[in-house]
Amino acid sequence: MTTISSDFDVESVRRDFPILHQRLLGDVPLVYLDTAATAHKPRSVVAKVVECFEQYNSNVHRGIHQLGDRMTTELELAREKVQHFIGAGSSDEIVFTSGTTMSLNMVAHGWARKFLKPGDEILLNSMEHHANLVPWQLAAAATGASLKYIPLTDDGRLDLTTLDQLLTPRTKLLAVTAMSNVLGTINPVAELAERAHAVGALICVDAAQSVPHLTTNVRSPQIDFLAFSGHKLYGPTGIGVLYARRQLLEAMDPFLAGGHMIREVFLDSSTWADPPAKFEAGTCPFIEAVGLGAAIDYVQHIGLSQISHYEHLLSVRAHEQLAQVPGVKIHGPSVEHKGAILSFTVDGVHPHDLSDLLDRRGVAIRAGHHCTMPLHELLNLTATARASLAFYNTMEEVDALAEAVRAARQVFRLK
Amino acid sequence: MSGTQDDLYDDHILDHFESPYHKGHLPQPTCSHSDRNPICGDQITVELLVDEHDVVKEAFFDGKGCAISQASASILCEAIEGKTLQELRDFQAQNMLDLLKVRLTASRQKCGLLGFKVLKTMLYTLDEQREPASSG
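Line by line, the protein sequences give chains A and B. 390 is the number of the first residue of the first sequence in this note's numbering; add one for each residue after it. 27 is the number of the first residue of the second sequence in this note's numbering; add one for each residue after it.
Just to be clear, a hint being listed does not mean it is correct.
As the list claims (entries may be wrong) - So these bits of chain A aren't anywhere near chain B, every CB distance computed over 12 Å:
{"id": "1", "residue": "462"}
{"id": "2", "residue": "526"}
{"id": "3", "residue": "527"}
{"id": "4", "residue": "541"}
{"id": "5", "residue": "588"}
{"id": "6", "residue": "671"}
{"id": "7", "residue": "695"}
{"id": "8", "residue": "708"}
{"id": "9", "residue": "800"}
Said to hold, decoys possible - One-sided and incomplete, this derived list gives chain A residues near chain B with beta-carbon spacing under 8 Å:
{"id": "10", "residue": "741"}
{"id": "11", "residue": "753"}
{"id": "12", "residue": "757"}
{"id": "13", "residue": "758"}
{"id": "14", "residue": "771"}
None of these hints come from the bench; they were simulated from the model. As the structure is a prediction and not an experimental result, all values here were calculated from the model. Positions of the beta carbon are idealized from the N, C-alpha and C atoms, including for glycine.
Extracted from the complex, chain B is given alone in its bound form:
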């Protein structure tokens, strides 16, 4: 148990924290969303550039917070590029936790899933916006 815990800050996490993938902003994102964890104040913005076939061409994030929240947002962006929006809708919390490759305690899962939560809320909002357009 303690062995697993000690691996939390392994190279995979720390590398993403120190040299994040696509940290910053897209010039013209198709969609973006921000949220913060009210308990700790950690903050993540996710921006996507989606093409006409609903494929994610580019994913960027920005934010402030602990190594776990920031590294997981970086890992998330790297993982979702090239995926379709439908694939992202099917992407579950456990898939996100699996990508981190470390075991998070209940309290740290809120950190590890912050970017994921932002992505999911963004997709939901996007679908809401498209709904009236497609029906009208």
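So that you can see chain A by itself, here it is in the shape it has in the complex:
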């Protein structure tokens, strides 16, 4: 029988992540199943960040000195790594931000507030993270545009049967997550992009969950705006990316104003620098950006298709194991329609209590509404427990999750 390890050497991969090799209170090993919240960082990323701080830390785009030159070169190299990683046509289309939330807000301010008018529509859906919902609520309130919602199927996928009625010439933007941070649902971004473009609308993709686990190509299908975070991609916190087509970046208003984003400044007016500088006011998190570049190198070294394949096997096992525990309900679509994220509830054990009890056995999951209150309202739940998997997890860890859920039920005196 062929085993997984013959295809994917998880033990070798785990050696790259020092944080995984620790024991917690009660001398239990850490089982980290919260990668969708933030991913761990391989040694190569940590080493690169340390190298920056120790050898050539210096502000970018300014210093006419050797350190400044080196740091700037490293930063722009990281930008090119991001460009190639997501298939963008030019590194000028890569804006460094503080994270997905900032990237989406940049579109909501710089594009939506500038171009939307009363009567225009933004098409959303209720599985979106608050970061891809609230900015559009504010933009709609500011412009008089209105929000429409694609309904969800009972199993937590977009119900596209009414899409033709929802997508009209009034639709100016379709904002959608490529992968739900709760249900794991992988949305049909290619089809949505094509259908949005057919009515003249743009598509804005929240790729925070998909970029670390699935191959991204912003030119096939053509994506107008795409946002993701470094820290979920095994890189540092405080760094994220907004990709937008060049014409859009040129047409948009800047979001933050200040140094570096200007061409000329007069006492009563200013003109803007070309993108991406136009959107990078102030000192950008350049060392974090270089760390993100190192994270992309690492992921590409392992191979995204290898990663996706192994994570899917982990996910299948997790679904099988959890489904055998009495009282467990896994929310969302079946395993073939989703990424390696499992949101579940256990009859008689609140997700917070479950998370607390799992933690005693070293199993780190997340409990709550995961910044998706409308989705939880739809599911008629106040909270869910979420286990999210990554390529550094093992089959044994997946089994430990199911075992810990069984033990939690016992604490709650459930048969």
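Put chain B on the given structure of chain A with help from the hints.
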């Protein structure tokens, strides 16, 4: 440390969670207040029946959430009946945590103190409402 932690879901907490004291609603409460923890969505309503001497005759709660938030609301209701409003004003967060008899980590204190927070906000609102009445 881990010993203390393992006692979190002890009989005291689980008994109150499974068979809460005065969970439900008063037909005509003197005052009531609801709040939720925005982080986790846990929700508690506290209702009091207060007599003319400012003594709590009955305390009820209702809510949804984890065992810690629901059990502590139950323990709170049991503890405050017979107390005066002044005694409740003097009742501090540490008193509430002491009543639970288990040690809560910082993140779980938000659960254990949700009912307490609802009670305190209710008292504050009640005092605000009475202020103009007594001065006028």
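Each hint, compared with the structure:
1. Distance check on residue 462(A): its Cβ is at least 42 Å (rounded) from any Cβ of chain B, clearing the 12 Å threshold; non-interface status holds.
2. Every CB of chain B lies more than 12 Å from the CB of residue 526(A), the least distance being 17 Å, so the non-interface label holds.
3. Every beta carbon of chain B lies more than 12 Å from that of residue 527(A), the smallest distance being close to 18 Å; the non-interface claim holds.
4. Annotated as non-interface, residue 541(A) keeps its C-beta farther than 12 Å from every C-beta of chain B; the closest such distance is 19 Å.
5. Consistency note on residue 588(A): stated as away from chain B, and its beta-carbon is indeed over 12 Å from all of that chain's, at 37 Å minimum.
6. For residue 671(A), the requirement that its beta carbon stay farther than 12 Å from each beta carbon of chain B is met, with the minimum near 30 Å.
7. Remark: the non-interface label on residue 695(A) is consistent with the geometry, its nearest Cβ contact in chain B lying 36 Å away (cut-off 12 Å).
8. For residue 708(A), the non-interface assignment is confirmed: its Cβ lies about 25 Å from the closest Cβ of chain B, beyond the 12 Å cut-off.
9. For residue 800(A), the shortest C-beta to C-beta distance to chain B comes to about 5 Å, within the 12 Å cut-off, and the non-interface label is violated.
10. Annotation: residue 741(A) was flagged as interfacial toward chain B, and the flag holds, the nearest CB pair being 4 Å apart, inside 8 Å.
11. A cut of 8 Å between beta carbons decides the hint on residue 753(A): the least distance to chain B is about 13 Å, and the hint is violated.
12. Look at residue 757(A): its Cβ gets to within about 5 Å of chain B, closer than 8 Å, so that hint holds up.
13. Checking residue 758(A) against chain B: minimum C-beta separation of about 5 Å stays under 8 Å; hint holds.
14. Nearest Cβ of chain B to the Cβ of residue 771(A): about 4 Å, under the 8 Å cut. The hint holds.
Against the hints set out earlier in the document, violations occur for numbers 9 and 11.
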